[in-house]
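Asker: The listed protein sequences derive, respectively, from chains A and B. Counting from 94, one number per residue, gives the positions in the first sequence under the working numbering. Counting from 5, one number per residue, gives the positions in the second sequence under the working numbering.
Hint data in this document are derived by calculation from the structure and do not stem from the laboratory. Treat the hints loosely; a few may be bogus.
[What the hints assert, rightly or not] Derived lysine-lysine pairs resembling DSS-like cross-links, with alpha carbons at most 25 Å apart: (1) A:Lys406 - A:Lys152; (2) B:Lys57 - A:Lys416; (3) B:Lys55 - A:Lys163.
[Stated by the list, open to error] Computed footprint of chain B on chain A, listed as stretches where at least three residues anywhere in the stretch have a Cβ under 8 Å from a Cβ of chain B: (4) 131–143; (5) 182–190; (6) 415–421.
[Stated by the list, open to error] Going by beta-carbon spacing under 7 Å, a handful of chain A positions derived as facing chain B: (7) Arg106; (8) Val148; (9) Pro176; (10) Pro412.
Backbone N, C-alpha and C define an ideal beta-carbon position, used for all residues, glycine too.
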Amino acid sequence: MVGIIGYGTQIPRYRIKVEEIAKVWGADAEALSKGLNLYEKSVPAPDEDSATLSVGAAKNALARAGIDPKLIGAVYVGSESHPYAVKPTGTIVSEALGICPYVHTADLEFACKAGTEGMFIALHLVKTGVMECALAIGADTSQGAPGDALEYSASAGAAAFIMGTKNIVAELLDTQCYMTDTPDFWRRENAHYPEHGGRFTGKPAYQKHIFGAVEAILEKTGMKPKDFDYLIFHQPNGKFPVQAAKQLGFNEAQYRYGLLSPTLGNTYSGSSPMGLAATLDEAGSDQLILLVSYGSGAGSDAFVFRTTKHLLKIRNLAPRVRKQLNKHLKYLEYGEYAKFRGKILKPE
Amino acid sequence: MNVPRHWRETPERYRMEAAKCRKCGKISFPARLICPACGNKVFDKINLSGKGKLLTYTIIRTAPEGFEDIAPYAVGIVEMEERVRVMGQITDCDLLNLKTGDKLISKFRRINEEGKTGLIMYAYKFVPDVGI
Chain A
94 MVGIIGYGTQ
104 IPRYRIKVEE
114 IAKVWGADAE
124 ALSKGLNLYE
134 KSVPAPDEDS
144 ATLSVGAAKN
154 ALARAGIDPK
164 LIGAVYVGSE
174 SHPYAVKPTG
184 TIVSEALGIC
194 PYVHTADLEF
204 ACKAGTEGMF
214 IALHLVKTGV
224 MECALAIGAD
234 TSQGAPGDAL
244 EYSASAGAAA
254 FIMGTKNIVA
264 ELLDTQCYMT
274 DTPDFWRREN
284 AHYPEHGGRF
294 TGKPAYQKHI
304 FGAVEAILEK
314 TGMKPKDFDY
324 LIFHQPNGKF
334 PVQAAKQLGF
344 NEAQYRYGLL
354 SPTLGNTYSG
364 SSPMGLAATL
374 DEAGSDQLIL
384 LVSYGSGAGS
394 DAFVFRTTKH
404 LLKIRNLAPR
414 VRKQLNKHLK
424 YLEYGEYAKF
434 RGKILKPE
Chain B
5 MNVPRHWRET
15 PERYRMEAAK
25 CRKCGKISFP
35 ARLICPACGN
45 KVFDKINLSG
55 KGKLLTYTII
65 RTAPEGFEDI
75 APYAVGIVEM
85 EERVRVMGQI
95 TDCDLLNLKT
105 GDKLISKFRR
115 INEEGKTGLI
125 MYAYKFVPDV
135 GI
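Bound conformation, chain B alone (with noise of 0.2 Å):
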């Protein structure tokens, strides 16, 4: 990803910042121009509350490049609390034991870095939900 796309970028992957339609209320995230729901284009910046649960997920075993030397990873749908459906990494868990359903949450992580000397990005990933 290059650089102006990742700042261009932020609110969402910082602070899963999401839009809220004010004529209908449906939260689209990340934020859009028109209400995918009523056509309305006004809407309230909200940001996720990071609670979700795991819908479906598939674990990485064969990475892309640049994600190599964490694989085998799992990425994974899911159901945040807003009835909104996010895709992302499920890290800090046991491969062995993730399943449809766990309860989980967003935490902000590094997801790559353009090599040594380059930008590192920065956005939300989700952890099994234990509260801490």
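One chain only, chain A, in its complex shape (with noise of 0.2 Å):
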């Protein structure tokens, strides 16, 4: 038996309004809104990064597990915005959790799916018995073109998972991937914002994943819609993964305490996992969860999951999603966000 035995996030303090965004480039944030289901987004500080941001969300899994960090044998940290083009965002992570250097450590980067290509990597080391235990992140800082319809969604957060055989609290039952070369986002290198295919995002790409991915996994493991209590769907926005789920035949009661993205944005690799993070807050014990990402260029990986009861033991050791998504925030103006996003040139 292979699965979860800590979990836990990070989400910076700072937040900014759709309609703050929105009055700089005269666009309507009302219909903004209401149409991406989008209200707010969070924003890094100057001091965070997606290390920085990793190794917080880390700490908090390593409270829940309760295991000595130099179990862990494999650190792979999924990011879209690594701080370096060249140096591993994962040597830094394991030397500030205390884990080095007996560990395999990689730097992973699919779009928004490297998350969970992580998480994919850690469960199946771990379940073949290469090791006692291993560490996956999905972190970013995301980045979206001044203007551009990314900068409304693109925020920061982590989520991180310690993957074990010893007091599992969400069992791994199956997984299933679904990928095909499909140019729906992307970013050369050294430029400094991503392009993206505009509506070219939405059916060939995100859908089209989704629901291959969720239909090959539902075939493999005879199960339904209905048999799940919770789903966790990529969220580039509020309203793709509540319109992927209606198609699918799941209902609100299913994706509620995974939807993070209308008030924390577009985590990128962090956005499934910090919603599976939500999920496993408020979940019972015996449930079933079925967790999708997606990433451009572009792919799904999708897992089945069933709670135990240590998870209820467990998961007040460490700050919940929602009372980090809640408490503490402070509303940036647009000239400060823009510092900040460091987005203002100066003189060398």
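Starting from the two chains in their separate frames, assemble the complex, guided by the hints.
Answerer: Written out as structure tokens, the structure reads:
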């Protein structure tokens, strides 16, 4: 038996409202919010990046798992905003957590799917007995070009999961991946902001891969949408996951805990993993959870988890996601936001 | 700060690694080679909990080179749970509401960087301990 033995998240303190961004670019804030089910997003402080958010999330996961960090045999950090182009985030995180030196680390990148890539690898390494525990993190401080549609949603946050075989809080039942080469979103070397295919990011990209992964895992496991207590899809905004869930036969009660994007934004590699953490915060024991990520380029990873009684014992050992989302907030004006995100050019 | 020095100080900067004297139990942060209380030279490595109380602070409004963009910011002395006093930057706080006695907790943050192409320096900072 393999599964999650500890989980944790980290969300920056700062927020900006959709209407504050829309005001600068002359956009219709009400139409944007209503159309995308998006109201505000998190913004990283100038001293936060994917490494610092990863460390914060992983410390919370360690607090819940209650293990010696040295038991962790692998650290995978999935992000599209690694602090360095060349120098691993995984070593920074491992050193800060006291896991070094007997550890395998890798930095993963697959747009918004890099977090679940790490989870997939970590779960299967532990399952095959290569190591006792493995840590997978999805973290991003994502960037949207000024005035672009992505600027309203690109946000920051991290989720960390420790996988193991003892004291499991959510047992892994099955996985399924669905990949094709689909050019819906990309960022070239040295480009500061990503480019995307506009409406092309919907049906042939997000929907096709989410639907493909869901239909395949339902067939593989012999389960139906109504069998699941909870559901988490990748959340590029608040509209796509709700629309896809309803079309696939799921209902609001199943996705209500995991849907964070309306007030968090899209934390890219952290997005669906943070939704899973928020669901674990509220789920009872012996409940079924379906997690399906999506990363542009493109692909989806699907996981079926079953919660255990141990979840109820450990979840209050670290802050819950909704508490991090709703407490100690500070709202920024666009000028402050532009400074925080390095959008203002200063002379060298 | 140069790269080798930053690397040498990784244990205390990244995870607040301290030294606990095996003879008298005094905790030194950063770690020392000789215990200032009893002169013993044998220590156990421990990581500070990160939790503490603000003893005193100042607001930096005219920042040194490399810190200009984050001014104004607070720097304070924090008494940790382990009764060790640590100086550090206090971030994610409202400067006007900061007061001595505030409960703080350490977070792993960026301290500085050697320009846009150089090394990024990470270390602990303190934030208000509001349970998140």
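Asker: All hints are to be evaluated individually against the structure, with a verdict given for each.
Answerer: For each hint, the structure was consulted:
Among the hinted pairs, Lys406 of chain A with Lys152 of chain A is consistent with the structure: their alpha-carbon atoms are about 18 Å apart, no more than 25 Å. Proximity of Lys57 of chain B to Lys416 of chain A is assessed by CA-CA distance (about 23 Å); at most 25 Å being required, the pair is judged to hold. For the given pair, Lys55 of chain B sits about 22 Å from Lys163 of chain A by alpha-carbon distance, which is consistent with the 25 Å threshold. Coverage of the stretch 131–143 of chain A by chain B holds. Counting CB-CB distances below 8 Å, 5 residues qualify, and the rule asks for three or more.
Only residues whose beta carbon comes within less than 8 Å of a beta carbon in chain B count, and the stretch 182–190 of chain A has 4; three or more means the coverage holds. Coverage of the stretch 415–421 of chain A by chain B holds. Counting CB-CB distances below 8 Å, 4 residues qualify, and the rule asks for three or more. The interface hint given for Arg106 of chain A is met, as the beta carbon of that residue sits about 5 Å from the closest beta carbon of chain B, less than 7 Å. At about 4 Å, the closest approach between the beta carbon of Val148 of chain A and any beta carbon in chain B falls short of 7 Å, and the interface hint on this residue holds.
Taken as an interface hint, Pro176 of chain A checks out: its beta carbon lies about 6 Å from the nearest beta carbon of chain B, inside 7 Å. Given hint, Pro412 of chain A at the interface with chain B, holds; its Cβ is 5 Å from that chain's nearest Cβ, closer than 7 Å.
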